[in-house]
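Asker: In case you want the letters, here they are:
4 protein chains.
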Amino acid sequence: MSLPEVQLKAGILGATGTVGQRFISLLSKHPYFTIHVVGASLRSAGQEYAKATRWKMTTPIPAEVGNMLVQECKPELFRECDVIFSGLDSDVAGEIETSFLKADLVVFSNAKNHRRDPVVPLIVPTVNPSHFDLIPHQRSLHSLHKGFIVTNANCSTTGLVVVLKPLQDAFGPIEAVIVQTMQAISGAGYPGVASLDIYDNVVPFISGEEEKMEYETLKILGDVNETATGFNILSFTKVSASCNRVPVIDGHTECVSIKFKNQPPPSVEQIIHALDSYVSESQQIGCHSAPEKAIIISRDQDRPQPRLDRDNGDGYSVTVGRVRKCNVFDVKFTLLVHNTILGAAGSGILNAEIALAKGLLKVGS
Amino acid sequence: MSLPEVQLKAGILGATGTVGQRFISLLSKHPYFTIHVVGASLRSAGQEYAKATRWKMTTPIPAEVGNMLVQECKPELFRECDVIFSGLDSDVAGEIETSFLKADLVVFSNAKNHRRDPVVPLIVPTVNPSHFDLIPHQRSLHSLHKGFIVTNANCSTTGLVVVLKPLQDAFGPIEAVIVQTMQAISGAGYPGVASLDIYDNVVPFISGEEEKMEYETLKILGDVNETATGFNILSFTKVSASCNRVPVIDGHTECVSIKFKNQPPPSVEQIIHALDSYVSESQQIGCHSAPEKAIIISRDQDRPQPRLDRDNGDGYSVTVGRVRKCNVFDVKFTLLVHNTILGAAGSGILNAEIALAKGLLKVGS
Amino acid sequence: MSLPEVQLKAGILGATGTVGQRFISLLSKHPYFTIHVVGASLRSAGQEYAKATRWKMTTPIPAEVGNMLVQECKPELFRECDVIFSGLDSDVAGEIETSFLKADLVVFSNAKNHRRDPVVPLIVPTVNPSHFDLIPHQRSLHSLHKGFIVTNANCSTTGLVVVLKPLQDAFGPIEAVIVQTMQAISGAGYPGVASLDIYDNVVPFISGEEEKMEYETLKILGDVNETATGFNILSFTKVSASCNRVPVIDGHTECVSIKFKNQPPPSVEQIIHALDSYVSESQQIGCHSAPEKAIIISRDQDRPQPRLDRDNGDGYSVTVGRVRKCNVFDVKFTLLVHNTILGAAGSGILNAEIALAKGLLKVGS
Amino acid sequence: MSLPEVQLKAGILGATGTVGQRFISLLSKHPYFTIHVVGASLRSAGQEYAKATRWKMTTPIPAEVGNMLVQECKPELFRECDVIFSGLDSDVAGEIETSFLKADLVVFSNAKNHRRDPVVPLIVPTVNPSHFDLIPHQRSLHSLHKGFIVTNANCSTTGLVVVLKPLQDAFGPIEAVIVQTMQAISGAGYPGVASLDIYDNVVPFISGEEEKMEYETLKILGDVNETATGFNILSFTKVSASCNRVPVIDGHTECVSIKFKNQPPPSVEQIIHALDSYVSESQQIGCHSAPEKAIIISRDQDRPQPRLDRDNGDGYSVTVGRVRKCNVFDVKFTLLVHNTILGAAGSGILNAEIALAKGLLKVGS
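Protein chains in written order, with the UniProt record's numbering: chain A, 1 to 365; chain B, 1 to 365; chain C, 1 to 365; chain D, 1 to 365.
Just to be clear, a hint being listed does not mean it is correct.
Copies of the same chain are indistinguishable here, so a pair counts whether it falls within one copy or spans any two.
Stated by the list, open to error - Calculated lysine-lysine pairs in the BS3-like style (CA-CA distance at most 25 angstroms, straight line):
{"id": "1", "residue 1": "K29", "residue 2": "K261"}
{"id": "2", "residue 1": "K56", "residue 2": "K358"}
{"id": "3", "residue 1": "K325", "residue 2": "K56"}
{"id": "4", "residue 1": "K56", "residue 2": "K146"}
{"id": "5", "residue 1": "K259", "residue 2": "K102"}
{"id": "6", "residue 1": "K362", "residue 2": "K261"}
{"id": "7", "residue 1": "K325", "residue 2": "K112"}
{"id": "8", "residue 1": "K146", "residue 2": "K325"}
{"id": "9", "residue 1": "K259", "residue 2": "K212"}
{"id": "10", "residue 1": "K261", "residue 2": "K51"}
{"id": "11", "residue 1": "K238", "residue 2": "K325"}
{"id": "12", "residue 1": "K212", "residue 2": "K29"}
{"id": "13", "residue 1": "K259", "residue 2": "K238"}
{"id": "14", "residue 1": "K259", "residue 2": "K325"}
{"id": "15", "residue 1": "K362", "residue 2": "K74"}
{"id": "16", "residue 1": "K112", "residue 2": "K146"}
{"id": "17", "residue 1": "K238", "residue 2": "K261"}
{"id": "18", "residue 1": "K362", "residue 2": "K238"}
{"id": "19", "residue 1": "K51", "residue 2": "K29"}
{"id": "20", "residue 1": "K51", "residue 2": "K102"}
The hints are simulated quantities; they were obtained by calculation from the structure and are not laboratory data.
Can you build the whole structure from these sequences, using the hints too?
Answerer: Written out as structure tokens, the structure reads:
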């Protein structure tokens, strides 16, 4: 994919929050998305970004963003934006994003609010870019010229589906998935988890997380229906998730056991081969942020580890290790996903790159 | 159970190690076991205990132990001991414990070496004290007068079987168990886990741990055969474990999904009731260290948590929370066990109390 | 000190907060203070304590407190209380405590608000119980019959003065103190420090903390004036503090360098002897909560350590180690204080015990 | 400084250790140093580097290094190297480095062994490159043609002298320095600090560290004597250090109080200005790895923080915050240095760049 001829103007909703900060950090180094407007709550609006924000990234605030004035999250203030990335909290995301959609703007949202909408694609960029096929129907339904909304998935779901997708492609339907997560504190935003709650501790509960994993997996791994007007959500596959918070800064680790419909199941080496050779559509298109490998196989017996492996593929790869037989199901393994890059802001950006490649962004029109 | 008339003399093997330190810490407050000899490797032998040991408990070295001379782990030096607790490392435990057994001594071992021996009971004190029934056969086989050896279980297995036992008793055979652990660093001894390996990290592998959970569970939950000469190891039940090390000092957390043979399965409330009302034999006997409740049910949605719940029942209770339906199996829940108390030294001590109550310790004879 | 003939009724202000929880945890095991009323903000008032509180102690809520109804912090609701312990936040403590004082109630406050009041004693129980001598003047000034208010010190100050007191007593005025702290997260209350702020991190700033250490030390180490109407605050001694938050649950560690006025200074061994042989008035009186030793000297080169030493003396002792010559001043050492026991709630309770012993509590009158 | 015409061949001693891994990680991206030989202990020699090493960097082993055969640390095996970087442990570094020097090789050592040698420069690259002036004398003394040895400083010392240097330059002699460190676990190598020793803990002792800070500071801040045959070690300045290990992965934080000889002392703003405007010789020369700013001033009241600021200047800058008046001395502040980059391997590399710029590397000769 060659670079676009013009820079695309990007707006960021929820720019002062954790996901918003990650959007800014990633976009400040992007070759063709330029940060044009940063939006946040009324409380921050009117202030310089650097002053309105408790910046928590480990790299400094990009100079060009630091003195931008924060805007309210109103569509008319983002009218010039070619793409809008939303890192809004779910308590406000639904209404605001809908108002942006109605204003014919293009929204890539990290919020959960529209993920279950039957005409909103839920896209993990290294899994199901084909779900963009529904955009014409979505536009027509809302009488839009160029606007649309696409969501990325929950962070833990993201890691899981990247691994399940090539297995389903290669070996047929997956009957059962039991997954246990060990999730990083950055997933809870800022101030998020109190240190007294997580230090020397595990919290075996994350509100709504298990339900998201159990539902979103089925939508993402399903396909678009024949008339491109809806999604076939997997009904055969059952997913059971147990989600835990552990004292790790970034990177969600997941232990997964799966059972295939087709028996006998593939061998461990066949599974490793399927994962190792997987190339997603976003990589084939040559998207700028697509990782060299969507899945990195580690053959060390004690990997993946979040501190050492979360930045693999600049945070866009999922690392898989310990692929082995399961006494109960067919196979089990451990995976690691960077929860704030591929699991959040990075997915939004890579989804936007895919949309551009697919001709869905009507730049400057 | 009334107190014995005399104090019992206790010896400790591997007394300078982490498990040995916990034995000392627990025994120093015990009403009728008195620490009589402390044994360790040749390197430590002859030194005062306080000098030979890098003490890592959060309470001071008991005064009466600090200036004991450390002995070599030779049976003749422990001849006066009524009971011997072994916290030896597995690389030396096999041979040393066997030599103690042959010398007609009573050994309660935390090491893995004899756990798979067909005539050695593997006993979790709040689960299967009935396995002591094999002791007469073990003695006869080795021509012993009063000696025998009993092992306690792996720390993670211990937590699991305490919960599975009442479920099996109440609802019949368990067909499948998928368990994922988040284990504390104290389980690896000292120096054990390097801080660079676990800080801001998860290590998704603990050598030999998954195999122990998958085997020991079946031996412990099985029963003694009719002639009291061997164990019926469960063959129907399948266990699949994924074991992880997390940055927690003490307390292993486990996410468990189980499937019963008998369908329809019990309801969530029936399961909670079975767990909550469970009373083990060691409690019925009235053993000193037996917890008031073998299983403590937490109804808070975000418990158990290791930092807050590991000391429940002074470390002898298992805490269970989040009992709920599983999309794939019948039920899932989270459990917490104190890995160095019930999961190690505490089991040895409580097992010795049971043995005394059952008349298996021939004190002073 | 023999036990009082009657139980004393204790009220707790700010009972749902971190300090309040510690008061409850300590008082529930107290031989003669009985928890009678628990007070908190209007938001919690009227609810059962167990429901109103996010309990974060590692032992369960005492049964007798769990179902008490939380009261508003109004003096008329605490009229029956013989003593009142205040764990209120400083934003409300000033006004509420004053209203309790005016109602002729006895208040032991952990809040900073009255610490600089010229007629309010600032008492660390193992340092300056003699400051209770000002109570008659305080009562007379406010026309009180039995009420008074006493505050305990800031947590970091507390550890420091316990060590400086015997040195000043033995070797004369201290000219200069440079102290750097490494403070536990529990000192910030709950939710307090965000995990993203402290995990894999040090925060080199705690608002107002350095000023407290630099002032309170001078008031505590000074004496009551000749007419018992005010305090002689040290003017010769200079204190410079640098306060840091580190990833530790409980226990403040402090590195201290000091210079004496009198030269040549005492030797290291003389200093160790002075610290080791120190017995405070609260110990001499035989107060129930007074530790066996106010200062525990560790001669291990790598102690004190918060995880291993914070519970020394049940949290009422200060542990001192690494006493050695300083290249710049006379001597330097490291100390450790349990910030939520001696450094907060425990000081309040021990102060109340001292007041009782001194006849300042007019029980039932 | 323009790039050299040829690539320089670099050898690494102790290549499998923590410092060696950092050398490899930094050199693999270096424009003109090429890794040519990797040396380690006899145990590793003959194996492929990737197999011989427990790689702990967060980026993968550079491909070109992974399959190099590890060599023994013998001079004849490094004869082709233009520069040699030593990350050897101090128990072997002395002898091996001396043998390399005698073989007329150029050694930049991170080990402590030669730091106190009266003819070996102890150079922090953003502080005292002028100490290279002694190299001709060192060569002449050892009858060398092109070889020499230079050491970099202890990690904590490094951070301190970078800040003291501009203050001494601007305001004259410093009379007294009291410094307290909070040091990262990576400074102890691998396996280094046991997790049970540092989790939820502070260790107030690091063997030999305080002595290094108190001595090395005086050598580095002194100058070369008139005949360029020795160093004038500061005799007026007194340094007192208290060193602590805290649970942080990378980045040493230091609280510093200083007193100037010349009174009245500079104002806080004058000090900030002196630090902020400081440009070291390595920056003036334009060395590749020299940071844009040797010292970065943070004006936020709660910075520097290791997790957020350690990578400033790619780990080659020292970040200073909280510059303020000291009650006892003249001024106090907090500094942060990346202990394994500027504080170790990075200093060695930058020192080599300076040596090249000064014409001290006789490449290919």
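Asker: If a hint holds in the structure, say so; if it doesn't, say that too.
Answerer: Going through the hints against the structure:
no., hint, verdict
1, K29 <-> K261, "neither (44 angstroms within a copy, 48 angstroms between copies)"
2, K56 <-> K358, "neither (34 angstroms within a copy, 41 angstroms between copies)"
3, K325 <-> K56, "neither (41 angstroms within a copy, 28 angstroms between copies)"
4, K56 <-> K146, "neither (34 angstroms within a copy, 48 angstroms between copies)"
5, K259 <-> K102, "neither (43 angstroms within a copy, 48 angstroms between copies)"
6, K362 <-> K261, "neither (43 angstroms within a copy, 58 angstroms between copies)"
7, K325 <-> K112, "between (34 angstroms within a copy, 24 angstroms between copies)"
8, K146 <-> K325, "neither (49 angstroms within a copy, 44 angstroms between copies)"
9, K259 <-> K212, "both (20 angstroms within a copy, 23 angstroms between copies)"
10, K261 <-> K51, "neither (55 angstroms within a copy, 39 angstroms between copies)"
11, K238 <-> K325, "both (19 angstroms within a copy, 13 angstroms between copies)"
12, K212 <-> K29, "neither (31 angstroms within a copy, 41 angstroms between copies)"
13, K259 <-> K238, "both (10 angstroms within a copy, 14 angstroms between copies)"
14, K259 <-> K325, "both (11 angstroms within a copy, 19 angstroms between copies)"
15, K362 <-> K74, "within (21 angstroms within a copy, 65 angstroms between copies)"
16, K112 <-> K146, "within (23 angstroms within a copy, 60 angstroms between copies)"
17, K238 <-> K261, "both (11 angstroms within a copy, 19 angstroms between copies)"
18, K362 <-> K238, "neither (39 angstroms within a copy, 56 angstroms between copies)"
19, K51 <-> K29, "within (22 angstroms within a copy, 35 angstroms between copies)"
20, K51 <-> K102, "neither (31 angstroms within a copy, 44 angstroms between copies)"
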